[in-house]
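K.L.:
What follows is the residue order along each chain.
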Amino acid sequence: SARVSLRLSSRVLWTLAVTQFQRFWAFLTSSSFTMGFDRFVEVGRVASVNYGTDAGKLVVIVDILDSARALVDGPTSGVRRQIVSIRRLNLTPFTVSIAKSVSSKDLLATLNAEQVAQKFAASAAGQRLANQAKRAAMSDFDRFKLTAARKQRSYAVRKEFLKLKKAAK
Amino acid sequence: QLACPLDLGCHSVALSALSGLVEEMSSSTVNHGIHTYDIVGRHIPTEKNPKPQLYKMRIFANDEVMAKSRFFYFLSKLRRVKRANGQVLSIKEVEEKNTSEVKNYGIWLRYNSRSNTTNMYKEFRDVSLNGAVGQLYNQMASLHRARFFSIQIIKTAVVANEEAKRPTSTSSWARVSSSPFSTASSAPLSPSSGLPSLLAAPALTK
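Protein chains in written order, with this note's numbering: chain A, 1 to 169; chain B, 1 to 206.
Just chain B, same shape as in the assembly (with noise of 0.2 Å):
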């Protein structure tokens, strides 16, 4: 229901991509740009081997240029296969399969600091693993002034609530039943349980 505002005949399949566009806009809110693509590729066929082995990874990237780029990145660093003699077979964006729950996201990374490399573990907590990643990226680059290039995703996982080990997935909201609303259990904010440790055991000096 985009409405025209200069009238300049558009065509009503400009229209509703442009509309499309809109609505996806709108919709990915902090999304950060990032999307997941599943990549297929192998060294080209010689005829020393005609039929090389396939790899697939998992790539976090904003489109699918910077996608294959990573990939032939990692893919030669694991395996004698560069992009001047690789090819990619196949590239495929993974969506979100739900992106109505709020999800605590463990992502393992390692990333060149200027010094060294280091392994990091961090946790965020979103809707869809785009949006988690994205956030990785933009922390990264503001906490650690990591670039995009020196960050290398190792693994991700969804992690409940219970095993979660960071205090943004482990705070008052993170904790909030499932059961219907009750004023206790969703109290924001709240002071963290448990006494503070002078109290648990008083020393006394006499």
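So here's chain A without its partners, still in its complex pose (with noise of 0.2 Å):
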């Protein structure tokens, strides 16, 4: 017939909702669904501790126990095999593939080739680290020189800028 029935059967509206959720439910469980998060709790995931005697140090999460505590392992920085927070670790963009069960010796194998403390050494985390760490530890003969070359470079700023604001006029 030339016309198409518009007037679909309930069956059938329920059947293509079925099918439209279905999609949507596969979407929700799969792995891409990630709602904006990109650093996941889980095994493999390196961190770094932010509170504790170990702050600083760098671990890996190697299996979790609950949504509050994970047990972590940091033989590239001295830091033995123990429950933590969740809240007292920073995730770092890297991740280590490592099975559940791995021996702490095998993890610092695994460590060593991917080069996992280098890497973080050099990413902005860690250069941030780093850093604090050097403020921390510096003198008072350090904090003069500092505050000296934050002179320098202010004079030298001004001096800029003054040129350029009297060509502007």
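You may find that some hints are simply not true.
[Unchecked claim] Simulated crosslink set (DSS-like; lysine-lysine; CA at most 30 Å straight-line):
1. B:LYS122 x A:LYS100
2. B:LYS56 x B:LYS82
3. B:LYS122 x B:LYS165
4. A:LYS165 x A:LYS151
5. B:LYS51 x B:LYS82
6. B:LYS92 x B:LYS155
7. B:LYS97 x A:LYS105
8. B:LYS155 x A:LYS100
9. B:LYS56 x B:LYS92
10. A:LYS134 x A:LYS119
11. B:LYS92 x B:LYS77
12. B:LYS97 x A:LYS100
13. A:LYS100 x B:LYS165
14. A:LYS57 x A:LYS119
15. A:LYS145 x A:LYS57
16. B:LYS68 x B:LYS97
17. B:LYS82 x B:LYS48
18. B:LYS122 x A:LYS57
To be clear, the hints were calculated from the coordinates, so they are not data collected in a lab. Quick caveat: nothing in here was measured; it's all calculated off a predicted structure.
Put the two chains together into one complex, using the hints given.
P.N.:
Quick look at the structure:
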């Protein structure tokens, strides 16, 4: 017939809705549904400890206990395998491919092979930690040198700025 | 490598003991102080019975004093032995064999509530049995206001992920596979598998 029937049966409508929802559900449960998060608490995630005696050190998440705690090991930074609150970890963008029950020795070998410590030291977060450590270790003379350097920099900047300002008039 | 902050001329032995204590404190992060003890005891030998039967119990307590107390508490309920006529022959702390793997611990217990006593089965994810039992006592205190002396631990066991019954043991982080990291298997806090039942059997009324 020339006329297309627009009155779809409710059964057909239901099936259409179901398939649409099934596709949406598949998306929701897929690994691409990250809601914009890109660093996960997972086995093999490299993190830095942000509180406690081991603050600033690199660790790897070896296993997860529950939503608040993780089993963590840092053979490259001298952190013993221990349970740590996830709130005490700053996740890095680096992950390591390890099994759940990996030994500290094997973990150390994997970390050295992938040069995780070096990659982290070169990253923004790693450099920030290094600079923080430098600042904390400054002596009074270092602070004096820093002030002198900042004054020299601001003098040079100001000189250039006034030149440009004069030229713009 | 503990540097004595005050220069009191600390003896090196005391320093190393101190540093050992600090290490111990930092490694047992969330232990809640519970230790496991194997206690062997018996009725004191009498003329009638010069070689009384030995009894061994595995007790969870904070220290040896509490452990011996619990030992006699349980033993006097089971046998005609009480602290006055009993003796502890050996008390040894039992150490966890492997503290580098996370395990699911199932704990069967009975506790006295205000009105009656109930049985319970609880599961905890931890690296050691001491840690799991510590979690248990804390949870019983917070959820049921049960004190240490009201709780009797009947049985503890390591439960595999497949046989675990409680949500904490069966959720996605517990099911993370042993194989090397893959995004799909270790996506955290993903919705539980299975479509809603509404979709499985649509009931239409026409």
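K.L.:
Please go over all the hints and tell whether each is borne out by the structure.
P.N.:
Okay, the hints, checked on the actual structure:
1. B:LYS122 x A:LYS100: holds, 24 Å
2. B:LYS56 x B:LYS82: holds, 15 Å
3. B:LYS122 x B:LYS165: With a Cα-Cα distance of about 9 Å, the restraint between B:LYS122 and B:LYS165 holds, given a limit of 30 Å.
4. A:LYS165 x A:LYS151: holds, 20 Å
5. B:LYS51 x B:LYS82: With Cα atoms ~17 Å apart, B:LYS51 and B:LYS82 stay inside 30 Å; holds.
6. B:LYS92 x B:LYS155: holds, 19 Å
7. B:LYS97 x A:LYS105: Holds. B:LYS97 to A:LYS105 sits at ~18 Å (cutoff 30 Å).
8. B:LYS155 x A:LYS100: Given that 30 Å is the threshold and the Cα spacing comes to 27 Å, the pair holds.
9. B:LYS56 x B:LYS92: holds, 11 Å
10. A:LYS134 x A:LYS119: holds, 19 Å
11. B:LYS92 x B:LYS77: holds, 22 Å
12. B:LYS97 x A:LYS100: With Cα atoms ~18 Å apart, B:LYS97 and A:LYS100 stay inside 30 Å; holds.
13. A:LYS100 x B:LYS165: holds, 21 Å
14. A:LYS57 x A:LYS119: This hinted pair holds, its Cα atoms lying about 14 Å apart.
15. A:LYS145 x A:LYS57: holds, 28 Å
16. B:LYS68 x B:LYS97: Between B:LYS68 and B:LYS97 the Cα gap is close to 23 Å, so the pair holds against 30 Å.
17. B:LYS82 x B:LYS48: Roughly 17 Å between the alpha carbons, so the hint for B:LYS82 and B:LYS48 holds.
18. B:LYS122 x A:LYS57: Between B:LYS122 and A:LYS57 the Cα gap is close to 35 Å, so the pair fails against 30 Å, i.e. violated.
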